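Engineer: Heads up: the sequence lines are chains A and B, in that order. Mapping to our numbering: the first sequence position 252 is 252, numbers consecutive. Mapping to our numbering: the second sequence position 32 is 32, numbers consecutive.
Read the hints as simulated data drawn from the structure, not as lab findings. Careful: at least some of the hints might be erroneous.
Anything over 12 angstroms on all C-beta distances counts as not near chain A; from chain B, calculated [unchecked claim]:
| # | residue |
| --- | --- |
| 1 | 25 |
| 2 | 35 |
| 3 | 40 |
| 4 | 65 |
Listed next, the in silico DSS-like pairs over lysine-lysine satisfying Cα-Cα at most 25 angstroms (straight line) [as the list claims (entries may be wrong)]:
| # | chain 1 | residue 1 | chain 2 | residue 2 |
| --- | --- | --- | --- | --- |
| 5 | A | 351 | B | 105 |
| 6 | A | 358 | B | 108 |
| 7 | B | 69 | A | 351 |
| 8 | A | 370 | A | 406 |
| 9 | A | 292 | A | 141 |
| 10 | A | 370 | A | 414 |
| 11 | B | 121 | A | 350 |
| 12 | B | 105 | A | 350 |
| 13 | A | 33 | A | 21 |
Fair warning: this is a prediction, and the values are worked out from it, not measured in the lab. Ideal Cβ placement from N, Cα and C applies to all residues, glycine included.
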Amino acid sequence: MALDCCWFNPDRKLKECPNIKEGEEELYSSPRKRLVEKCIECHCFLDDLQSFEKDNPLYLPFSILREEYLEQKGYLQSIAGFLSSKSHEIKFLHELSIVLQTSIDMDEVLSVAMTAITSGKGFGMNRAFLLMVDREHKYLKGYMGIGPKNYEEAWHIWDEVEKSDFSLLALAEHFRNRDIVKEKEKFRDILDQLTVSCNDKDHIFNRALQQKTPILVKNAFDNSEVNPELARILGVESFLIMPLISRNRRIGILLVDNFVTNRQITPRDMQSIEIFAFPVAFAIERASLYEKLQEEVDKQTTANLKLQKQQELIVKMEKMAVIGHVMASIAHSIRNPLTAIGGYARALLKKPDNINSKTEYLEYIVNEAKQLEKVLEEVLSYSDSLYPVMDWWDINHLVKSACNEKELPLEGKKIKCLLNLEQDIPLAFIDYKQIVFCLKMIIDYIVTSQPLLDTILVNTGHGEDHVFISMAAEGIPISNDLLTALTTPFATIEDMRFSASLPLCKIILEKQRCSFSISELPEGGNMYCIKLPRRKEE
Amino acid sequence: MERIIVVDDESSIRLLYSQELADEGYIVDTSATIAEAVGLLGKNSYDVVILDIKLKNESGLDLLQKIVKEKNNMLVILSTAFSCYKDDFSAWLADSYIVKSGDLKELKDEIKRLLESRKEKTKKV
């Protein structure tokens, strides 16, 4: 029997079989493969099969096998198609999720999400709206829309997209840069009308959020579940409400429809969009939190700047207050002697003939003038202390010099100054003149504060990084309150002659990295100790 | 004859005020501390107290409060080297506040004015 089909012919030459197309030439050299892929569907093969006698025992099994084979092949092809589409979808979701997972920019997240829903390269829906729960959790507000507003615009957009051949992410970027504001405005009327109160529990949007499941609305104009007003606003029979939930927090909803093509939204579409909705919700929440964080950071930065300015102002005011305090102290120290001098001088002028009987007045004038000189010296010393002249000095020499200067006044008050100076004491890095001034001030203070004093014991010595001068005076110890006031510059406004001297000493000494302390002696009275640095400041 | 007490820690000021006010015809006592002043106020009756605010480590304002509480009829003039105490509420309890000056005319005029004003008030009552 002559057969039409050439399947058994191993020697078929190139281009002899009409079923073998360009690129499939290898089938000429592989008869087995050729039989399975081409011959079994070839009409020649079918003709040969039919030409078998019906009673041929091979006819029926052969026919069954062929039909079964073709059925299985079709099934495999559909599975392959499904796998291919799933693979495409996974790739697409992977691409999206990278952007969604890494972006903290709200506009970028929304551009990618909305473009993915409406683009042909994405889920291919005609139109999408995003509604977001506001910060106060009071309203679900229409936030953004994307898609054509009418048929003409739809064709125009799709034509443009097809020509541009942008990738999905490029489309999203394009949308973000050029269209996001425009689209928001385009759909402003619809977005405003879509806004609902979060308290309206019966509203289908809130129900979807409450149940955390998507709702696919069909027959919207004749659906008891749907508010007719909502159907009118959207103008479509079918739409999908996709809740956006992130870790149990209600972010908003996506409203998706095929406003132009009226294609039915399938359960498969719904499933795909649902998978996509999770990372979108998460990304929106993260971007929103980042926005809030940014706002807080901005607020904090502004507050910090304000605080910094306030601090500067406070420091300035404190400086002014200190200056005011100092000025008041100086004014007080000057006004008292001036009052006395002026008063006595006037009194003398009133009775110039009787001047001999008023020698007491003259003595007061002289004493108060001396007091004024002393105040002036203190003020000038304070000014000098601002710019100390530092050098290496032998403090034993310094102590002797200060005590020599005070010898006469001390003798007048029958006070001895006993010196106990350490031999070969290390040099100190100080302003000689200022330290001498401080020693004299301390001696003055001791003499004024201890009326029954007969001896001041002055010691010098050294430690690892300092040399010290101590002055011990027995008598009544200084009270703690007075001690604090005496060692706190300008702590209280007191008589400068009496108490400003020690605060001034403290200022002068601290400016030279020296320390000044007053301690109580066990036998009564106080020890005044100055520690002076043995090293230069680095 | 009106009696005045000068409370000031400065001996030169005490002497100056006492001599000058004595020349004006007043009987003048002086005190360097609050304790001393309280003692004198307990012993004698004064028409005017001339009170310094800063008395070494004491405050004349404490004595002022004591005087106001106990002796309402006495006139108190705060006399101080500071002008800033004018803003201190407790200083407002005084009948007058003057800043120390080598020219005692202001102090003397103020004493006269206050005494005359008190006399007129007494007459009206």
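Engineer: Give me the numbers of the hints this structure contradicts, sorted from smallest to largest.
Structural biologist: 7 and 11
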